[in-house]
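S.K.: What follows is each chain in one-letter form.
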Amino acid sequence: MIDFCGLRLAHPIINGSGTFDAIAAQRAFGDALLAAFPFSAFVSKTITLAPRDGNPPPRLWEAQAGMINSIGLPNRGLDGYLEHDLPQLARLPVPLITNVMGSTETEVAQLVEAVDARPEIAAIELNVSCPNVATGLDIGADPVSLGALVAAVRPLTRKPLIVKLTPNTADVGAVAAAAEAAGADAVSLINTLRAMALDPRSAKPWLGGRSGGMSGPAIRSVALAQVAAVASRVSIPVVGMGGVADGRHAHDLISMGAMVVAVGTENFRDPCAGSRISQELKYLQIAGSSSTTVDVSEPQPEVELNCGDS
Amino acid sequence: MRTVAPLGRRRVELTGADDVGAYRVLRVEDRTGPVPQAGQFYMLAAVEGWGAGHDERPHLPRAFSFLHAEAGRLSFMLEVVGPGTHRLARLVAGDELWLTGPFGLGFREPHDERRALLAGGGVGIPPLSAWASELAAAGAPVTGVLGFRDAYHAAGAALMAAGDVTVATDDGSVGHHGLVTELLAAELAADGHAVVYACGPPGMLEAVRALCAARDVPAQLALEAGMACGFGACHGCVVPLAQGGYMRLCVDGPVLDGDLLVAVPAHA
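From first to last, the protein sequence lines stand for chains A and B. Position one of the first sequence corresponds to residue 1 (this note's numbering), numbered consecutively onward. Position one of the second sequence corresponds to residue 1001 (this note's numbering), numbered consecutively onward.
Because the hints were derived from the structure by calculation, they are not lab data. A couple of the hints might just be wrong.
[Unchecked claim] Here are a few chain B residues that sit away from chain A, every Cβ distance over 10 Å (derived from the structure):
| hint | residue |
| --- | --- |
| 1 | E1013 |
| 2 | L1060 |
| 3 | P1061 |
| 4 | A1071 |
| 5 | P1110 |
| 6 | P1141 |
| 7 | D1170 |
| 8 | A1225 |
| 9 | L1260 |
[Claimed, not checked] Footprint (simulated), chain A over chain B, 3 or more residues, beta carbon under 8 Å:
| hint | segment |
| --- | --- |
| 10 | 1001-1010 |
| 11 | 1046-1057 |
| 12 | 1197-1208 |
| 13 | 1229-1236 |
Since the structure is predicted, the reported quantities are computational estimates derived from the model, not experimental observations. All C-beta atoms in this analysis are idealised placements derived from N, C-alpha and C, irrespective of residue type, glycine included.
Produce the entire structure from the sequences given, and follow the hints as far as they go.
M.R.: Have a look at this one:
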């Protein structure tokens, strides 16, 4: 059992925001999903104040060892989330973390206050990969703007406040330190890396939103470096993510200071990736604790595990 | 309309594969899977060598409607168009696949005693064949019109499991020399009290949609779109709706009523 900002998690593996839709997955897989939920906490997709349709398609591009997405944060808006989604998400067998994003401090404050009022929600994650209306820069790219935002909303909730950091910044450690100084309870990283793909036939941007975010194994080493940089700068818990596809990758992030690890793109390839990775990680941790010198170059035996009975 | 998928991906064995004209048919054993509904789809990936192709792809699984399903066995049909289909087409009996599904909503039965008119072509055959087989088993008469580029591709028409099927080719090498929509228009002129079930390349599907809309004939279209997951997680496979906004094909499709769309998108 892990104590993550007061949330009791059965294992260290959760989902990255926007990479698993528990409501849609229940339609596809039925109640079996609740009986063997892949994650120890569920992070919602990003909720905004007003409903959003999302970006025009195409929204995906498969890249080398990963993908670029330009989804555009489709969601029902705050009211729709609270009325329609929350009652369904409250039935999940794990703590619920609600991810919110606003384009102004006032918007974020409204979202945080509304989420704070709902006992079904265990924690709040702030998506700060959103352009500042005044400067045009991502709020999360600048330690000063981010610190100001977190300081402004911190007094509005007693729930754990997690700040989801963007990797598209010069010094992620400085941004993390600003979040901690302003009262964040945890930081999570990395979000996707800004990326672009061209339609080979027209040499014009393929994605409807022109550019998008890169994820998958291609960004794993970047994530490891950024998690290491952040963990050495802050004393609050770190949620590490980026290209995690097996227990070894989760173990690496934990070795560099992450307390919790989120799985994203791998969920698309394996709906039970969360369960599999948590089992693989458990095996590695047991193997690691029984010996003071673990030869990491030694191939680890495969653990063939699934969250169903098949 | 929807059979719920077992949770998680299953490791299944390829029992055989055949070339049928331009297409490759894969047969897999799926002992623990449920019986799917015609029009539903599965996500497939090779267990070995997935990611070792052109541009280090594929990375994500690929979506395929099943061609035939019976007693723990499934078959799929594909045409090689990219690194995913290239890898799948090279699998031989005994090779293993990761399989997830069945996903999505399939076809719905004709209403008001309308006849079933199946229209499509190319890699659109699988859901139409599965549906023809279900309708025929229920004793319903099935008429099919299929379009292909040429005789080499038209060999795929033999994969239709049931129905009275007429073929059109672009080059006239087999059947009617022209478009499948010409055959469909003739069928509708003869007896328009029908429900049209369609699947095929975007251009063809849009022509079928427009024709049915103009004649006020209900159409159920099985669409295709690039998708990463198949179960609603990635929000990548959306199509724009006539009423505004988008719909995810994987959980709210892939079969959609034609009147929900302004047009079948070129990317779908």
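S.K.: Was P1061 (chain B) rightly flagged as not at the interface, with every chain A Cβ beyond 10 Å?
M.R.: 6 Å, violated
S.K.: Determine whether the non-interface label on A1071 (chain B) survives the test: each CB of chain A must be over 10 Å from its CB.
M.R.: Non-interface label stands for A1071 (chain B): nearest chain A Cβ at 17 Å, farther than 10 Å.
S.K.: Looking at E1013 (chain B) again, its CB stays over 10 Å from all of chain A?
M.R.: E1013 (chain B) clear of chain A: closest Cβ-Cβ about 14 Å, beyond 10 Å.
S.K.: Non-interface claim for A1225 (chain B): all C-beta distances to chain A beyond 10 Å?
M.R.: 7 Å, violated
S.K.: For the segment 1197-1208 of chain B, does the count of residues with a C-beta closer than 8 Å to a C-beta of chain A reach 3?
M.R.: Not satisfied, violated; 0 residues make the cut.
S.K.: Please verify the coverage claim for the segment 1229-1236 of chain B: does it have three or more residues whose C-beta sits within 8 Å of some C-beta in chain A?
M.R.: It holds, with 8 qualifying residues against the three required.
S.K.: Using a Cβ cutoff of 8 Å, are there at least 3 residues of the segment 1001-1010 of chain B near chain A, or does the coverage claim fail?
M.R.: Contact hint for the segment 1001-1010 of chain B vs chain A: holds, 8 residues under 8 Å.
S.K.: Far enough from chain A: is every CB of that chain over 10 Å from the CB of L1060 (chain B)?
M.R.: 6 Å, violated
S.K.: Does P1110 (chain B) really sit off the interface, with its C-beta more than 10 Å from all C-beta atoms of chain A?
M.R.: With a cut-off of 10 Å, P1110 (chain B) remains clear of chain A, as the shortest Cβ separation is near 25 Å.
S.K.: For L1260 (chain B), which was marked as not at the interface, is the minimum beta-carbon distance to chain A over 10 Å?
M.R.: 15 Å, holds
S.K.: Taking the minimum C-beta separation from P1141 (chain B) to chain A, is that value above 10 Å?
M.R.: 33 Å, holds
S.K.: Are there at least three residues in the segment 1046-1057 of chain B whose beta carbon sits under 8 Å from a beta carbon of chain A?
M.R.: Answer holds; 4 residues pass the 8 Å Cβ test.
Going down the numbered hints, you'll see the structure goes against 2, 3, 8, 12, while the others check out.
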